[in-house]
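A.B. asks: Protein chains in written order, with the numbering used here: chain C, 9 to 910; chain P, 9 to 910.
Just to be clear, a hint being listed does not mean it is correct.
Where chains are identical, the list cannot tell them apart; a pair therefore holds if satisfied intra-copy or between any two copies.
Stated by the list, open to error - Straight-line C-alpha distance at most 25 Å; calculated DMTMM-like pairs for lysine to aspartate or glutamate:
(1) K231 - E742
(2) K660 - E236
(3) K608 - D810
(4) K652 - D177
(5) K493 - E667
(6) K187 - D92
(7) K19 - E774
(8) K493 - E666
Honestly, the hints are just simulated from the structure, not real lab data.
Quick caveat, the model's predicted, so the values are computed rather than measured.
2 protein chains.
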Amino acid sequence: MKYIYFFGAGKAEGTSAMRELLGGKGAGLAEMTRIGLPVPGGFTITTHACAYYLKNKKYPRELHAAVAQNLARLEKLTRRKLGDAENPLLVSVRSGAARSMPGMMETVLNLGLNDKSVEGLAGATRNERFAYDAYRRFVQMYSTVVNALPKDDLEEKLRALKARLKVKDDTQVTAHGWKQLIAEYKAYYKQKKGTEFPQDPQEQLWGAIGAVFQSWRGEKAQKYRVAEKIPDDAGTAASVVQMVFGNTGEDSGTGVCFTRDPSTGEKVFFGEFLVNAQGEDVVAGIRTPLQLTEMKRVMPHSYKQLEQVRTKLEKHFRDMQDMEFTVENGKLYMLQTRNGKRSPSATFRIAVDMVGEKLITVEEALERVKPEDIERLFYPVIDPKVQPSELRHRLFVTGNNAVPGAAVGKAIFSAHEAEDWAARGEKVVLVRHETSPEDVGGMYVAQGILTATGGKTSHAAVVARGWGKCCIVGAENLEIDLAAKTMKANGRTVREGEWITLDGSDGSVYTGEVGLIRPEAPQAYATLLKWADKVRRLRVRTNADTPQDARLAREMGAEGIGLCRTEHMFFKDFEFPERSAERQLAIQEMILARNAEDRKKALNKLQPFQRRDFIGIFEAMDGFPVTIRLIDPPLHEFIPHEPKKQAALAAKIGIPVEEVAQRVSQLYESNPMLGHRGCRLSITYPEILDMQVGAMIEAAVDCKQRGVQVSPEIMHPLVMDKKELQILSQRTREVADRIIRDAKVKLEYIVGTMIELPRAALLAREIAEVAEFFSFGTNDLTQTTMGLSRDDAGRFLPVYIDERQAGIFQFDPFQTLDIAGVGILIEWAIVSGRKARPKLKVGICGEHGGDGPSVKFCHRVGMDYVSASPFRVAIARLAAAQAVIEERKIGTRGGKNARRQK
Amino acid sequence: MKYIYFFGAGKAEGTSAMRELLGGKGAGLAEMTRIGLPVPGGFTITTHACAYYLKNKKYPRELHAAVAQNLARLEKLTRRKLGDAENPLLVSVRSGAARSMPGMMETVLNLGLNDKSVEGLAGATRNERFAYDAYRRFVQMYSTVVNALPKDDLEEKLRALKARLKVKDDTQVTAHGWKQLIAEYKAYYKQKKGTEFPQDPQEQLWGAIGAVFQSWRGEKAQKYRVAEKIPDDAGTAASVVQMVFGNTGEDSGTGVCFTRDPSTGEKVFFGEFLVNAQGEDVVAGIRTPLQLTEMKRVMPHSYKQLEQVRTKLEKHFRDMQDMEFTVENGKLYMLQTRNGKRSPSATFRIAVDMVGEKLITVEEALERVKPEDIERLFYPVIDPKVQPSELRHRLFVTGNNAVPGAAVGKAIFSAHEAEDWAARGEKVVLVRHETSPEDVGGMYVAQGILTATGGKTSHAAVVARGWGKCCIVGAENLEIDLAAKTMKANGRTVREGEWITLDGSDGSVYTGEVGLIRPEAPQAYATLLKWADKVRRLRVRTNADTPQDARLAREMGAEGIGLCRTEHMFFKDFEFPERSAERQLAIQEMILARNAEDRKKALNKLQPFQRRDFIGIFEAMDGFPVTIRLIDPPLHEFIPHEPKKQAALAAKIGIPVEEVAQRVSQLYESNPMLGHRGCRLSITYPEILDMQVGAMIEAAVDCKQRGVQVSPEIMHPLVMDKKELQILSQRTREVADRIIRDAKVKLEYIVGTMIELPRAALLAREIAEVAEFFSFGTNDLTQTTMGLSRDDAGRFLPVYIDERQAGIFQFDPFQTLDIAGVGILIEWAIVSGRKARPKLKVGICGEHGGDGPSVKFCHRVGMDYVSASPFRVAIARLAAAQAVIEERKIGTRGGKNARRQK
């Protein structure tokens, strides 16, 4: 097995395709060498060697010879020798995994220096101070990274030295000063380790390689992998690279740059740069770097060279690059390149611009954008008009930005209280030391979540991320006093009920109500989605219950409504909110009716309201289909459970309060999710069906007569049997056809069913003999197939998803469809449904309709459309296009393997 | 199409195989004619003609000619003519469907009489009184049956006549008297119908045929079909048969008889008989009939003939027969034969005896017994030692016997009260005007149910039948006063809380507590089940949680335990009931523990109890496998919800009561069925698994060391994923293997899973890679597959099952497995599980394991065993044998069509 890949002098054994083997950094160095960019020589030890080392606690046998051989090759190339007393070769040993884990693993620089070679370096560079500075940096780094001596102790010695020397900056320390510090470091090393600081460069090299490999197992790296779902057994590569120095004088320097602006995406050369400095100085933030434009002035030649590199790299990699470089005595060296991270907005702009520049194809542009980019594009953010001075003034504490977005609400310190406040219509932010499964109720109602402890993989972070809810965790300076219901930080106190604002993009917590805005979509977003529309096969509809939502969804590009929930209309009048109470009373009268006759009377009061709502929705969706679902929730949800409210209701209707209470207790169910709801209500109370179908068909007739194009699709929920749907469908048609006949219009409508119970999926072939369409209700189908109540799963599902705990599922099945399990039923239902009715229309209206991987699955199994909430319509449009592109690559569609592709 | 089948003079066009076409009666008459028994001539109009008539509201065109032709043939055979003035032919027109519907449809006798032919009959029989009696009977019957005149009015005229004549019995009325009555009837007919009573025998005949056909649609017939699940479109046949008369003198008579005693099954000739009487007199109960043995004395010749018929018929039909006969002037006529209804106990005895007599094979004997027969065999009954006089004295009211068995309890008049009383440990009988879905809770806890209204298909009857719970409905004399909480009947009053006893076998309600017994099994029962054991392939285990249940089940023939629920052990100490509280406290401490350490401490207290229980169970099942399921219910079920009890618990444990209350509210779930239960508890609290596995393996080791043969099968409930089971299985093996290693015994055990979620069934192949056995938990699998909460479905499931309402399902899916839906998942899981593990052991432990049709399904899909509650073990043994017999007939086994066979 080949464990090492050499690069140098324009040739490289590796390529950019070898990320898995060489890590991002190693692959980048090899590729840059290949295409003729100035890269210091070196070699990369593969991730396989690391995996072997971690597994077997020793190196592969062949590795020793290979390192010796490649080191000799590097020495030959550079005409220097490691540890040489005259002109020594210095190397860095750098970590680098296949998937970027910035700052999570270790690196050792200036390796090869010892008491002799430091003199050689001083002689060769004619700069003793530089040489001893390099040596002390190496001793310091080696001691902490390879031998785990406490960083603070060494830093303290440096501080003490500077104090003795009465200087402020490191740059003011002379060669003599560094020699003193080196002696102190070495003494400290001997005291702690019992041996001398290693002078043998070979020992140094193997120590550094081992430390880099070990750092894969470091605590922070492990946590990062859990959060980013990076496999634990991949391992890191280690690149041994000739050192170049940006701190050898005024014609040296170092910097990082992006080929385009990573926040706006604009095609400008963007970066920072320090003269006479090492890379670590940029990172440490000791000196303020210059803008890259300044480099043009101070180092015009190197800048020009860098400009050429920029162009060449973008052309070569066909993506925006994030690069590190060093200029040593006027000579430019590229140390790293990788695809640059960018803001959601920049993601769109760069993708669209690059198509314009013919760098990439439309299909590639569509693949460059991830569904999360769309989501993040529209997260609320702090209004940019808010003055920075105001923000500085309001800054209360900072924590880790676990979930982006921003949130404003009143600080509440217990989950139960949060639920109570929210029930009163208050906006709350839940503040906890840390959250536990018992807090999910309060977390759910909160605008945002703030915790004092815990990292990005804590319970709070995992749960909030699932909901896309702004969350800041581990605000360590926060002192919460649960008894007093206050929190303190940096000398200020926030009491229960006082407003605070969270900025999840950077982890800042502000006192008071800071203005938020929902960002405007950039031009490129619209362009890219238009391209997506041309590519995709799946239609994208929306879940909307009101004319307002319907209009919003149309703006988002929805091509119809896939789910209009009629029961929300029982609660609220969106046009005339003051009439909401009237609606509520009518539905309550219906439920409390003593017989079918009274039930009909109450329903007759409700019908005009529903008709009006339907007219608004049909108008908003002029020309597009509208799927209307009949009443779904159990009736008890419509009647108050508190004695006071029951008394008020009884008084209004004019019946004894006991009757209300008795009805509530009759309607009690131990598992309402599996109870008397969905079409079971229409089976037992067909009057409800009559009213609802009447309202929607009358509305459709009214619209049709006024020239609005309507295509109602009447949907029965929770069907589990063909005969059940037959009964419902027949009654639906009787009611509808009578109205249409009486109105003498030509109106077409179809009648179908949700598939949201395993039995319905299993018997899809029979059911499709009656149903004209299927709409998968994947929320309930997931609940029943997995035996998992969505409302209750918060108690244990995080344990199931967290890889450090059980790690049974990769995703929350309520966010991303459980393709392995629920997916089987969906595929089965579509295939068997279409056996009975080849042109069966099939869609999805669960929340998975707005989730990228789930939408792609819907495409693969041959659905006709997905339906998503208005703000997720764009995600669905993009994912649907990406599904087509993936399919083209694989060259198959649908069929038996639909569930296997991800 | 042939609409009529003739029989007479030893020849018949029909056979006994033509039940569907000729009805039971028509087929029986044809077959008896064929085999040379004395049967009056006649012809049967088919059920197809009836179905045509009912559908098209007219007769098939060919029918008129066919009736004329067959009537002519009958006239030729009898040498008499219908309506003849000299020697008229009289016929009966009798209904008779394929499936017996006794008393539900109409019959017209003595047809062919009119003002002229009655004189002919008088002359021919030389008995004017007899002739006019026959005529008045005909006029009365024709008026009510064919023309729907009110029966009571005609009866009233008869009463008035007898009063005028000052006689008591009909037999005392003279020919003159009958003539007067006939004149009155005819006048009344004309007054009501506006036309004369029909004198034309053809008109009479067609009127009668139409009335018989129409009676299929009569209200009582329709209701009966719903209750008995007889298809609505089958229709009845109509047999036109020459009249013979048992009332022509002392050498005439009529009777009904059984070839064996229908209550004991003993091989004795059994029946009742009346001299000089018509069949309707037997039914009407006007005269007390004689025992058949008396007939030997009074009509030795006819009796001998009848004895020969008895032997011939049993040999021919190879089953016990129920026959009707008439002796006319010393000549025996057979009017009907059919397989006789018999008591459960007789069913066994007859089947076994007939094998001994080589009349039938063992396989046939096994098929003769239905699972319900076993169940009914063991229903509690009134202790036969109770004196009839006592019962007469206690008789309070009678109703319809909707569900057999007997029940004793305190009368309670509301479902809620019933629940409260039952919660206090009282035995209650729920008494209601009628029950509604809201009453199911109270019905469930009641020993029996009594309603004042409603028939055998009322809500109460349907629900109670489902539970096999004694139920009497429609006790019309009952006056219930809900406000006073009393009921009155026949001058007596029963108050709330007073004891009553229901006898569901005959519908009697008694005051007070009457002694009940569970009947002893007859010898034949044991014989037949031994035969079943030889035939069946499926093993039969039991669901048992205590040593007591385990021993009982062994007596019932169980071959191991298929489901031992460990959580019941948390509540109750069956050996030392006074230690139950100790157990409860330990589990409560476990749940209230603040951390894993305290949880372990509490569990340690529980472990010795569980170990002791397991030892008892293993001993009872020496040599047989025992499947033990780990904790399944959600934890909240173990902590009290009432504040008072919470306070007591808090005091006992020594924690603040708020902590108990808080924990209860933390544990609250909106859908506990889909919540934190089953193996999810072991995933989140592995300490519980450790304790339970420890207890069962320590118990097994202990038994093994004492020479008891143990085969523990450790079962994880509610598994939905392979990885989940992997985690559980690994931990189980760690705990178990350590104990076995330490004990230095050789103990084999296996680890498997329940398949009770659709996802587990869908992913059975993967799961079988880890599971060593599958046990289908069909209760929960039904709940999740159908989205149907068993506890809540009482509100609408009756509507789904009732054919007069939605009629969506044929059976309650919680009683008889939903083969069409849930069955798909089961078959899929077995087939795919065995792909991964060909020798995968598969069983069922839901309550369907004791249901006949479900057990047969389990056989067809290739399960290894079923597990049933102890009292249903015998049902499973029988059904398993019947499944083999059915399979032999069809000549296939398992495979793709398993779900189609019923």
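A.B. asks: For each hint, tell me whether it holds in the structure or not.
C.D. replies: So, going through the hints one by one against the coordinates:
1. K231 - E742: neither (61 Å within a copy, 27 Å between copies)
2. K660 - E236: Intra 56 Å, inter 47 Å, cutoff 25 Å: neither.
3. K608 - D810: between (51 Å within a copy, 24 Å between copies)
4. K652 - D177: neither (72 Å within a copy, 71 Å between copies)
5. K493 - E667: between (41 Å within a copy, 19 Å between copies)
6. K187 - D92: Result: close within a single copy only, 19 Å intra versus 146 Å inter.
7. K19 - E774: So K19 and E774 fail the 25 Å test inside a copy (66 Å) and across (48 Å) alike.
8. K493 - E666: between (40 Å within a copy, 19 Å between copies)
When each numbered hint is compared with the structure, violations occur for hints 1, 2, 4 and 7.
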